[in-house]
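Visitor: Chains A, B, C, D, E and F, in that order, are what the protein sequence lines are. With positions in the first sequence counted from 1, the corresponding number in this note's numbering is that position plus 81. With positions in the second sequence counted from 1, the corresponding number in this note's numbering is that position plus 81. With positions in the third sequence counted from 1, the corresponding number in this note's numbering is that position plus 81. With positions in the fourth sequence counted from 1, the corresponding number in this note's numbering is that position plus 81. With positions in the fifth sequence counted from 1, the corresponding number in this note's numbering is that position plus 81. With positions in the sixth sequence counted from 1, the corresponding number in this note's numbering is that position plus 81.
Among the hints, erroneous ones may be present.
[To be verified] Subject to a maximum C-alpha distance of 30 Å in a straight line, what follows is the list of computed DSBU-like cross-link-like pairs (lysine-lysine):
1) 304/F - 283/E
2) 328/F - 84/E
3) 110/D - 214/B
4) 110/F - 214/C
5) 92/A - 328/B
Since the hints were made in silico from the structure, they are not lab data.
There are 6 protein chains.
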Amino acid sequence: MSKLLSLKLEKGNTIYGTCVSSMAPLWSKAVGNAGLDFVFIDTEHIPLERMEVAAMCQLYAAQGIAPIVRIPSPDPYKACQMIDAGAEGIVAPYVESEEQIKDMVGALKYKPLKGEKLKAILEHPKTIEPDLKGYVETYNRGNLCIINIESIPAVEKLDELLKVPGLDGVFIGPHDLSVNMGLPEMYDHPEFEKVVAIIIKKCRENNIAVGIHFSESPERQVKWISEGANIVIHSSDIAIFSQQLSKDINKIRNSIGDVSHQSTGNITI
Amino acid sequence: MSKLLSLKLEKGNTIYGTCVSSMAPLWSKAVGNAGLDFVFIDTEHIPLERMEVAAMCQLYAAQGIAPIVRIPSPDPYKACQMIDAGAEGIVAPYVESEEQIKDMVGALKYKPLKGEKLKAILEHPKTIEPDLKGYVETYNRGNLCIINIESIPAVEKLDELLKVPGLDGVFIGPHDLSVNMGLPEMYDHPEFEKVVAIIIKKCRENNIAVGIHFSESPERQVKWISEGANIVIHSSDIAIFSQQLSKDINKIRNSIGDVSHQSTGNITI
Amino acid sequence: MSKLLSLKLEKGNTIYGTCVSSMAPLWSKAVGNAGLDFVFIDTEHIPLERMEVAAMCQLYAAQGIAPIVRIPSPDPYKACQMIDAGAEGIVAPYVESEEQIKDMVGALKYKPLKGEKLKAILEHPKTIEPDLKGYVETYNRGNLCIINIESIPAVEKLDELLKVPGLDGVFIGPHDLSVNMGLPEMYDHPEFEKVVAIIIKKCRENNIAVGIHFSESPERQVKWISEGANIVIHSSDIAIFSQQLSKDINKIRNSIGDVSHQSTGNITI
Amino acid sequence: MSKLLSLKLEKGNTIYGTCVSSMAPLWSKAVGNAGLDFVFIDTEHIPLERMEVAAMCQLYAAQGIAPIVRIPSPDPYKACQMIDAGAEGIVAPYVESEEQIKDMVGALKYKPLKGEKLKAILEHPKTIEPDLKGYVETYNRGNLCIINIESIPAVEKLDELLKVPGLDGVFIGPHDLSVNMGLPEMYDHPEFEKVVAIIIKKCRENNIAVGIHFSESPERQVKWISEGANIVIHSSDIAIFSQQLSKDINKIRNSIGDVSHQSTGNITI
Amino acid sequence: MSKLLSLKLEKGNTIYGTCVSSMAPLWSKAVGNAGLDFVFIDTEHIPLERMEVAAMCQLYAAQGIAPIVRIPSPDPYKACQMIDAGAEGIVAPYVESEEQIKDMVGALKYKPLKGEKLKAILEHPKTIEPDLKGYVETYNRGNLCIINIESIPAVEKLDELLKVPGLDGVFIGPHDLSVNMGLPEMYDHPEFEKVVAIIIKKCRENNIAVGIHFSESPERQVKWISEGANIVIHSSDIAIFSQQLSKDINKIRNSIGDVSHQSTGNITI
Amino acid sequence: MSKLLSLKLEKGNTIYGTCVSSMAPLWSKAVGNAGLDFVFIDTEHIPLERMEVAAMCQLYAAQGIAPIVRIPSPDPYKACQMIDAGAEGIVAPYVESEEQIKDMVGALKYKPLKGEKLKAILEHPKTIEPDLKGYVETYNRGNLCIINIESIPAVEKLDELLKVPGLDGVFIGPHDLSVNMGLPEMYDHPEFEKVVAIIIKKCRENNIAVGIHFSESPERQVKWISEGANIVIHSSDIAIFSQQLSKDINKIRNSIGDVSHQSTGNITI
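Build out the structure end to end from the sequences listed, making use of the hints.
Guide: Structure representation (structure tokens):
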């Protein structure tokens with residue numbers, strides 16, 4: 082149960098995951114069967130609280146599947162709670178400033194330091210006593226610090242953001258990014274594709290892992306990997322279930338001459 | 082929120098459902114999007130208890146999706162509990178005798194009668210006082226009494242079983258049936274297919290609704306409908322998620338030259 | 082937190098309770114404010130499971146309010162589980178035979194004896210070794226054994242039922258009784274009133290505590306007390322909330338000229 | 082399940098609701114029976130978390146009863162979480178500044194915009210691109226933005242507060258307001274009544290819906306409606322249960338000569 | 082996550098476990114730290130339901146700690162439910178007949194066979210078709226069938242009981258056994274010790290694993306191992322916490338001159 | 082159920098508690114058996130949410146054991162939520178400024194005042210109207226305001242911090258303090274011991290109650306009491322269980338010649 086995901090990334094592996102929103106205890110077998118490296122547990126949009134997240138983190142971690150938790154806002158207290166609950170990585174949503182990343186690094190790489198002392202170290206990392214440095218490195222080994230890049234202001238200052246020491250990865254949020262660009266849900270728009278390609282490229286140049294959380298066809302993931310992405314965050318349990326169930330039921334209806342059902346909406350996260 | 086599934090069956094509709102094992106509250110939208118008539122909540126094999134089943138029943142029923150609950154054994158007390166929790170139909174597993182069906186009919190069509198009085202009425206249905214008859218008919222309107230046929234002894238006495246007054250439907254359990262036949266999981270075996278066809282035929286001759294709970298390709302459901310089945314119980318959330326996730330992830334792995342993952346087992350219910 | 086309800090009954094007090102179906106932790110203050118002696122937790126009709134019942138039992142007992150739990154059927158294993166969870170009394174529903182009462186007495190007065198030894202003692206109570214008798218008496222002190230009388234067959238053999246050693250109380254179930262009499266929900270019918278009066282009278286002659294669980298006006302309880310009842314089981318949280326909310330809202334609607342809402346049904350337990 | 086409460090308000094209807102603190106799944110029937118338009122789910126004072134609120138929101142919304150959720154503080158992240166959980170309206174407690182309202186409007190009317198872009202739009206609403214405007218309007222249709230006015234500083238700047246574009250409604254918090262005025266719980270005090278009347282009048286002049294959450298007699302609601310209020314938030318499940326139970330039990334005690342119980346406190350929210 | 086406990090027993094290892102009643106997700110680390118082979122999850126006396134047991138089973142199994150579940154009564158349906166939830170072994174309480182053991186063997190070694198076919202096979206094990214035999218052996222590999230011996234009638238027919246094919250282990254229940262012997266809680270009584278020694282001896286002669294669930298000093302376990310026991314079921318979380326907390330607090334009180342607290346009772350399971 | 086812990090402190094008693102992380106309902110008996118005055122419920126590090134904390138607070142308070150809740154950050158909204166849930170005292174972690182303490186005092190001693198009015202009163206406590214002062218004193222009677230001192234910056238300004246009116250107690254956090262001092266987990270280091278002694282001394286000089294939360298030997302608590310501490314916060318359920326279980330199991334292993342298990346880590350909070 083040691084935290085191995087960071088090692089896999091260091092070795093240059095592509096790592097694979099999906100977003101899981103159901104806490105049914107037998108769910109973890111489905112994820113295990115697919116040979117995934119991590120699950121993405123999104124507490125920004127999915128109603129899951131600490132007790133549920135803790136149970137999920139402990140269960141997936143015990144199976145060797147790293148639990149990566151998105152917190153609702155870039156709040157270092159929330160990050161610490163999720164690490165205590167068993168998360169191996171934290172995703173902070175909608176990050177647009179170096180300050181926000183430093184806060185997350187403080188929570189994920191210097192735990193249990195807090196308050197004035199932590200503030201001083203984050204401003205001048207070299208001032209930390211060597212013994213203490215060793216202690217917090219061991220204490221926080223394997224904790225991954227990941228941010229969501231999902232807005233133009235973030236893309237514009239990406240060079241600065243990616244250079245904050247302690248940052249490990251970037252998850253691109255396609256829905257928010259497309260809306261922020263004024264191209265809502267137009268994931269095929271060349272401007273959108275261009276921005277995604279830029280983010281991937283800059284991340285890899287800065288040795289930051291990068292992936293995009295996308296709930297549609299797996300072919301997209303292949304394309305982004307070809308552009309440099311090394312994290313696959315493929316869809317979610319509820320999107321896969323919803324899309325495939327509708328497809329199957331309509332196939333049956335059509336075969337027997339029943340009227341096909343028009344879905345009233347998409348379920349993605 | 083009146084119980085409408087029995088009406089749909091009476092009108093000759095084919096009704097559609099899936100098995101749901103996750104109690105995540107957003108799940109019901111996925112089922113609604115697919116235009117389903119009912120959900121099959123299986124408490125025989127899935128760890129779900131009364132509180133969870135009650136929450137699911139209330140939620141699906143409020144959306145106009147009928148909750149059909151399988152109880153762990155043909156126990157009339159359990160059937161009553163699930164009706165009180167909001168179920169619109171009960172599936173009793175592995176039924177092999179008329180006595181078991183009568184017990185279920187007592188729980189589902191004569192509630193709240195119990196004890197000696199109920200026993201007497203089940204033996205001699207005509208002895209019930211007319212006023213009381215009217216009361217219990219109204220009280221239990223729309224409650225569906227469904228049994229699992231999943232063994233050779235049950236098939237051998239199917240004619241008697243299907244004639245018990247009050248029985249509404251049959252769910253064929255393919256796993257148990259195939260094992261009972263000594264053909265475990267050989268769903269393509271001609272003997273297995275023959276027995277399924279016989280059950281479907283006899284049910285429809287006796288005006289009993291019938292379907293088969295199957296977690297693989299939707300094409301099978303089309304075949305069974307062509308043989309007379311009028312209930313589609315297509316797969317389950319966990320089977321669809323597990324199968325499709327593995328397929329998608331292997332597609333990505335193969336495309337980028339990663340080694341494909343060998344699933345260690347099937348997840349069906 | 083010793084079990085005091087049995088003492089109150091022995092002293093000749095009238096004891097007061099209500100049926101509670103919500104497990105919201107602040108609920109117990111509402112019950113405390115009304116000065117109740119016990120809560121009636123009904124697991125026959127209300128979806129509440131062991132975990133929830135245990136939490137409720139521990140909380141009410143800690144406040145000096147005795148938790149009395151109705152189990153779904155006269156099953157001694159269920160009775161033991163609820164005593165282990167903290168219940169001070171068990172109500173077995175729809176009892177019609179001495180055998181059923183003996184089973185409950187075995188579970189409630191001879192715990193942890195079971196199996197062949199218990200069977201022998203229940204048949205010949207005097208054969209128990211004196212030391213063991215003392216041990217189980219202390220071990221089970223304060224456990225109340227209560228049965229539901231709610232059918233004509235039970236009324237007909239009431240004299241025998243009430244004489245089973247170890248029986249402490251009777252709860253009359255008005256809904257089931259009225260249906261069993263062929264007078265569904267006709268609680269004002271003279272035949273129904275007569276049978277209730279007989280049950281109350283016989284119970285008190287046999288020194289058995291008795292009450293009736295009724296979800297309408299408190300005046301009825303007064304009438305039954307005047308006939309000898311010494312347990313008040315007045316309504317339930319959901320019935321009181323539902324009835325009073327409808328009354329209040331309609332009062333507001335009427336006052337301002339809005340159309341009054343026609344309730345679509347009664348909520349009682 | 083479309084969000085209809087805002088439409089009812091636009092049409093000039095008086096809308097009716099109550100505060101619900103129990104998550105028992107059968108509760109929603111009691112609310113439905115009373116013909117209510119909405120439930121008020123208060124997460125400021127009642128211990129209810131996201132999982133529970135999501136289950137309640139989905140269930141009430143499926144029945145056509147709009148779930149309105151009060152968050153613990155005027156925090157836009159919390160507002161987004163509750164909308165994701167299924168809320169149709171958010172109540173921000175103890176608002177005293179235009180900035181707080183703008184934050185809520187950002188969360189409820191411009192979702193999923195965030196960060197710098199949202200900040201710019203909230204400051205200069207006309208700068209939003211027309212296409213994007215259309216998208217977020219559709220995306221957020223029916224989300225109600227409600228604030229609690231419950232202090233003198235808020236009343237003093239009410240004209241400014243009520244003019245923030247996007248604000249839909251005001252809930253008056255009588256307990257906090259009375260304490261803030263130095264007239265704790267003196268709801269009959271003429272000064273208190275005067276301030277309530279002023280808030281109602283100003284709201285309606287600004288075309289803002291308004292109501293007052295009050296746990297005592299329904300006659301008060303009638304009075305406030307006559308002053309212009311168009312939202313009735315009548316009492317709560319726990320207050321109605323506690324008050325009526327105490328009344329009924331004391332009626333029984335008095336009738337039979339038992340000592341009446343002195344309640345040790347009020348339960349309101 | 083394959084079921085390994087049966088292998089460890091076959092190899093002649095002594096296996097170690099404790100009883101766990103808390104479902105806090107971090108608990109499993111405490112059990113892991115002690116190097117245990119299994120946890121004993123007791124649903125006979127502890128209020129834990131299927132959902133909780135399933136979560137615990139999945140979590141402990143994922144860590145390589147086998148979950149062994151005691152069901153409330155020797156009910157094969159309950160046994161199947163717990164295996165479906167992830168249990169690797171089932172303990173049936175208070176077994177006194179060969180019939181009860183056969184029922185458990187049916188549930189644990191012949192799953193998913195049921196009904197008439199299973200009955201016939203249990204009576205004449207050799208009549209099972211060879212292919213089907215292979216299938217159910219694979220399907221049920223590693224499922225442990227354990228019974229509680231805790232009464233004199235059971236001891237008297239121990240030779241017959243231990244010879245039922247498919248039985249794997251015996252847990253001695255000291256509390257029930259001592260009460261059944263008329264020596265309640267007299268665990269030092271020579272008669273009690275003698276009976277325990279006999280049970281251990283007979284089990285090992287029949288190649289049945291055996292242990293005793295005891296919540297006091299570890300020295301007792303050493304003694305029973307010396308007599309032949311090969312399963313250690315040492316105490317429970319709540320007994321260890323309760324005993325040690327009282328000891329520590331009294332040590333502090335005594336050291337500083339505060340009055341020592343007299344515990345009002347023992348907490349064991 | 083009145084809040085008595087503050088009274089015990091005023092009378093000069095040493096008060097005793099432990100940290101409880103399991104919400105199993107029978108747990109409270111274990112705490113009651115040890116004669117404790119309070120439980121420490123830590124929501125900073127332990128995954129426990131409002132629903133669970135509310136259930137625990139109500140249960141422990143009903144037994145006369147005061148629930149003291151640590152919130153994840155010094156956030157007055159969180160403090161109010163926990164008081165509403167039934168907490169009798171709040172611990173704010175890692176406090177380093179007078180402003181933070183004032184925020185907590187506002188939440189705990191002036192509830193339900195908020196916003197501008199509360200701000201003005203906290204700055205100039207004497208400006209509160211006498212009637213209102215009386216009201217909030219009664220309303221908040223018994224609420225304990227406790228802070229964690231666990232850093233050198235806090236120790237350096239301890240004199241100012243301890244003089245903020247309304248502060249009741251200090252919990253020393255040994256882990257954070259030792260790390261902040263650059264002496265991680267070196268609880269025997271003379272520098273660490275010296276700082277603890279200073280904090281204790283200054284607290285008692287300012288009539289502030291003080292204790293240290295420590296998960297190892299009870300002898301330490303005796304030492305700190307001798308230095309002036311008047312609160313004992315001895316270990317936690319999970320630490321006691323983990324430490325004692327490992328000790329017992331290794332004792333058994335060693336006695337029978339099995340290899341002793343090397344624990345892979347400590348479980349403390």
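Visitor: Now tell me, hint by hint, if it's right for this structure.
Guide: Status of the hints after comparison with the structure:
{"no.": "1", "hint": "304/F - 283/E", "verdict": "53 Å, violated"}
{"no.": "2", "hint": "328/F - 84/E", "verdict": "27 Å, holds"}
{"no.": "3", "hint": "110/D - 214/B", "verdict": "26 Å, holds"}
{"no.": "4", "hint": "110/F - 214/C", "verdict": "26 Å, holds"}
{"no.": "5", "hint": "92/A - 328/B", "verdict": "26 Å, holds"}
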